[in-house]
Every structure is written in C-alpha cells, then in structure tokens.
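Sequences listed follow chains A and B, in order.
Residues in the first sequence are numbered from 1 upward in steps of one, following my numbering.
Residues in the second sequence are numbered from 236 upward in steps of one, following my numbering.
Note that these hints are calculated values from the structure, not bench results.
Incorrect hints may have been included.
As the list claims (entries may be wrong) - Derived DSBU-like pairs: lysine-lysine, alpha-carbon spacing no greater than 30 Å straight-line: (1) A:220 x B:301; (2) A:220 x B:281; (3) A:98 x B:289; (4) A:7 x A:98; (5) A:61 x A:153; (6) B:305 x A:84; (7) B:263 x A:61; (8) B:289 x B:279; (9) B:301 x A:95; (10) A:85 x A:44; (11) A:53 x B:279; (12) A:148 x B:301; (13) B:345 x A:226; (14) A:61 x B:289; (15) B:289 x A:148; (16) A:85 x B:263; (17) A:84 x A:148; (18) B:301 x A:233; (19) B:263 x B:281; (20) A:217 x B:305; (21) A:53 x B:281; (22) A:147 x B:321; (23) A:7 x A:85; (24) B:289 x A:23.
To be verified - Ranges of calculated distance between the beta carbons of each label pair, as one might list FRET restraints: (25) B:330 x A:59: 50 to 56 Å; (26) A:51 x B:330: 36 to 42 Å; (27) B:256 x A:138: 48 to 54 Å; (28) A:90 x B:331: 37 to 43 Å; (29) A:49 x B:331: 43 to 49 Å; (30) A:66 x B:287: 55 to 61 Å; (31) B:331 x A:127: 31 to 37 Å; (32) B:345 x A:61: 30 to 36 Å; (33) B:340 x A:141: 53 to 59 Å; (34) B:341 x A:51: 17 to 23 Å; (35) A:103 x B:347: 50 to 56 Å; (36) A:234 x B:331: 48 to 54 Å.
In this text, a Cβ means the ideal position worked out from N, Cα and C, and glycines have one as well.
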Amino acid sequence: MKNQLSKEEINELFTFVESKNIKYLDVQHEIVDHLASAIEDVQKADPALSFNKVLNQVYSKFPITGFAVMVLAKESELKRFWVKKFLSFMLSYMKLPKIIIAAFLIFIFQTVLSTGLLINPKQLYFILIILTLCSAAYRYKYGFEFKKEFRNKYLVTNSYLFQYGGIWMAYFFIPYYISLDTTSEISYFGNISSWLLSSYITLAFLWIHAYTFEFPKMLKQELEEKYSHLNIKLA
Amino acid sequence: MLPKILRYIFTCMNRNLLRGSLETIVIKLLSDNNEMYGYEITQKVKELTSDEFKITEGALYPTLHKLEGKGILTCQTRSIGNRFRKYYSLTEAGESELTIMLQDMEDYIKNMRLILNPQLS
Chain A
1 MKNQLSKEEI NELFTFVESK NIKYLDVQHE IVDHLASAIE DVQKADPALS
51 FNKVLNQVYS KFPITGFAVM VLAKESELKR FWVKKFLSFM LSYMKLPKII
101 IAAFLIFIFQ TVLSTGLLIN PKQLYFILII LTLCSAAYRY KYGFEFKKEF
151 RNKYLVTNSY LFQYGGIWMA YFFIPYYISL DTTSEISYFG NISSWLLSSY
201 ITLAFLWIHA YTFEFPKMLK QELEEKYSHL NIKLA
Chain B
236 MLPKILRYIF TCMNRNLLRG SLETIVIKLL SDNNEMYGYE ITQKVKELTS
286 DEFKITEGAL YPTLHKLEGK GILTCQTRSI GNRFRKYYSL TEAGESELTI
336 MLQDMEDYIK NMRLILNPQL S
C-alpha cells in the first residue's frame, strides 16, 4: 500500500492548482500540500480509488469560489504584514536611540532652511528627487524590485512590492507645501512652517534610506525564515 | 420541507458559532500539539468532536494567516518527501493570548448557560 503521492501526482496537483488561477508559487505549495494530504487520507481508507477521482472528490468540498478565499486572505494578511513592518521601522525613529538621529536631522534642515544661506527649500526638494533616483539606480543594479518574477511569481514578494510603491506618494506633498511659500527664505528661525518642512524632509530622507537598504533586508530575512524552500534569490 | 429548512438554519448557526470560535480552537490545538499543519488541524477538530465540527479550508486558512499576521503564530516550511509542508506553532505572544482566550471562552459559555438555563443558576 502506498503512503505518499508520487512525484508525478504532486506535479499534477501543481498543474491543477495553477489551472484554478493560482499563479503564485508560494500559495500553490500550500494548497498542494493540503490537497495531497486529503487525497492520501482518502486513499488510505480506500486504496482502490483513483487519484483523479479522489482529487475531484476533495476539490468538491471547497467552496464554489475554489481557492480564491484562501488566496485573498493570504494576500490581505501579507499586505498588512508589510505595512506593519515598514511602519514599525519608521516609528523606531521616534524612540531612543534613533530619535537622536531624527532630531539631529530636523535641526540641521531647519537651521539651513531658516537662514536661507546655504540652500532653499526648492533646491532641497531637488536633492531629494536626485537621491531617490540614485536609490532607484542602485536598486536596479543590485536589487530585485524590477524583476518581473518577483511581482508575478510569489505572493510574498508581490505584496512587499505593492506596499513599497506607496512610498512615492509622499513626494507629491512637498511641492505643494513649497508652493505655499514661494520665497527662498522660507521664514525666520522658529517658524512653525520651517519646522514642519524640515520634519517632512527628514522623514523623506529616512524613507529613502529605509527602502534602499533596510526594507530589502527585512524581505531577505522573511524569505530565509519562511520561504527557504522556494530558493528565491533577491540580487 | 420544514425540517430541511430548519436543519439548514441550524447548520448556518453552527457555522457562525464555529467561525467565531475558530481562533480559540486553532490556538488551543497548537498549544496542545506543539506544531501542526493546516489539514491536520481540520482532521483533529473532526476527531475531537466526533465529526460534529467541520472546519472548512475557506475558514481555516484565513484564520491561520490572520493569526500569523498578528504575531500569534509562526510557521516553518519543511520538506516531506515529494512536497513541502507548512507547520504552524504558537509564539510567546500566542501562549499568553491563549490564556486570555480560554478565560473569555469559559466566561462566555458560563453566561450562555445562565441565559439558556436560568433555573440551573
């Protein structure tokens, strides 16, 4: 009596799951194991039943939407997971010891902006844009975000990249903010708007650093801990 | 016809009750069994309740992912012959959550008994 499904039968299960519109490999592995366990259980009780017959029997117990509920639930949980990770990293700049770095940066930017001697807000904004482009170039060369397979093949990397994209939204606020005050000398030292703007620019600097170096490290760690079987190479 | 409708209503009610208790069931089972995989959880529940409770895949996996996202569960994928299997286990946060959940559940059952059978109190 056979205990486990053969390699060919497992491959058939992968084809079956894929035919049900499950394109992500990490999700496919999870569903295939569930189906295989259920099939093995039925065949253990009645070894005469054919693989295909048992597969249909097992699949018929799933809801009419098939595996969709499982995938949607996993997708939304993964997205939430990455948002939580990114936010908790950024919030760590509000606690000791990192708050010292954040406060120091805010103070430097505020001093520079309020005196207007070295640089004006518009120039600073362009520096941010250039830094962002440098980060994109760096990630294009050493990173993974631009590879199609990370968007299409694995749900874990897809959801990571989905949340990651939201960061760009932050840049739309700065030109708006600057347009409120078109002079290069934004204000005198101590003005609330210059403090707000320097806080915002500090946040943007920290984001650029985080999504260039820190967030990819988080993904790498997650893949090593939970998805080592997929052998995903980031760089 | 009527018994059929009634049975359907009772099944739906059971399903809703079960759905509401699913997190507690999963956490308790993982606490008792150290680590388990998805299919094993569905079978264990069937076995413990003599087929009375049937956890569907559509309810179990979203719960597992939700608990994993909350940091209550963690998972490890291991090779078992021709395929890989994801084993779930409780984190430290999950262990402390279990105590709270069990207490809540016991209080709930006690109060439900009081409502359903006031003469027993």
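Results for each hint:
1. A:220 x B:301: Between residue 220 of chain A and residue 301 of chain B the Cα gap is close to 22 Å, so the pair holds against 30 Å.
2. A:220 x B:281: violated (38 Å)
3. A:98 x B:289: Not OK: residue 98 of chain A and residue 289 of chain B at ~49 Å, beyond 30 Å, violated.
4. A:7 x A:98: It is violated: about 51 Å lies between the C-alpha atoms, which goes past 30 Å.
5. A:61 x A:153: Holds. Residue 61 of chain A to residue 153 of chain A sits at ~27 Å (cutoff 30 Å).
6. B:305 x A:84: Holds - the C-alpha atoms of residue 84 of chain A and residue 305 of chain B are around 10 Å apart, at most 30 Å.
7. B:263 x A:61: holds (25 Å)
8. B:289 x B:279: holds (10 Å)
9. B:301 x A:95: Holds, at roughly 28 Å.
10. A:85 x A:44: The hint is violated at about 43 Å.
11. A:53 x B:279: holds (24 Å)
12. A:148 x B:301: holds (28 Å)
13. B:345 x A:226: violated (40 Å)
14. A:61 x B:289: holds (11 Å)
15. B:289 x A:148: Outside the cut-off at roughly 40 Å; violated.
16. A:85 x B:263: holds (27 Å)
17. A:84 x A:148: holds (25 Å)
18. B:301 x A:233: holds (27 Å)
19. B:263 x B:281: holds (15 Å)
20. A:217 x B:305: Holds. Residue 217 of chain A to residue 305 of chain B sits at ~21 Å (cutoff 30 Å).
21. A:53 x B:281: holds (23 Å)
22. A:147 x B:321: holds (27 Å)
23. A:7 x A:85: violated (37 Å)
24. B:289 x A:23: holds (28 Å)
25. B:330 x A:59: 50 to 56 Å: Violated: the Cβ-Cβ distance is about 36 Å, outside 50 to 56 Å.
26. A:51 x B:330: 36 to 42 Å: holds (40 Å)
27. B:256 x A:138: 48 to 54 Å: holds (50 Å)
28. A:90 x B:331: 37 to 43 Å: This hint is violated: roughly 27 Å between Cβ atoms.
29. A:49 x B:331: 43 to 49 Å: holds (45 Å)
30. A:66 x B:287: 55 to 61 Å: violated (26 Å)
31. B:331 x A:127: 31 to 37 Å: At roughly 47 Å between Cβ atoms, residue 127 of chain A and residue 331 of chain B fall outside 31 to 37 Å, so the hint is violated.
32. B:345 x A:61: 30 to 36 Å: About 35 Å separates the Cβ atoms of residue 345 of chain B and residue 61 of chain A, which means 30 to 36 Å holds.
33. B:340 x A:141: 53 to 59 Å: This hint holds: roughly 54 Å between Cβ atoms.
34. B:341 x A:51: 17 to 23 Å: Violated: the Cβ-Cβ distance is about 45 Å, outside 17 to 23 Å.
35. A:103 x B:347: 50 to 56 Å: Holds - the Cβ-Cβ distance for residue 103 of chain A and residue 347 of chain B, about 54 Å, lies within 50 to 56 Å.
36. A:234 x B:331: 48 to 54 Å: violated (34 Å)
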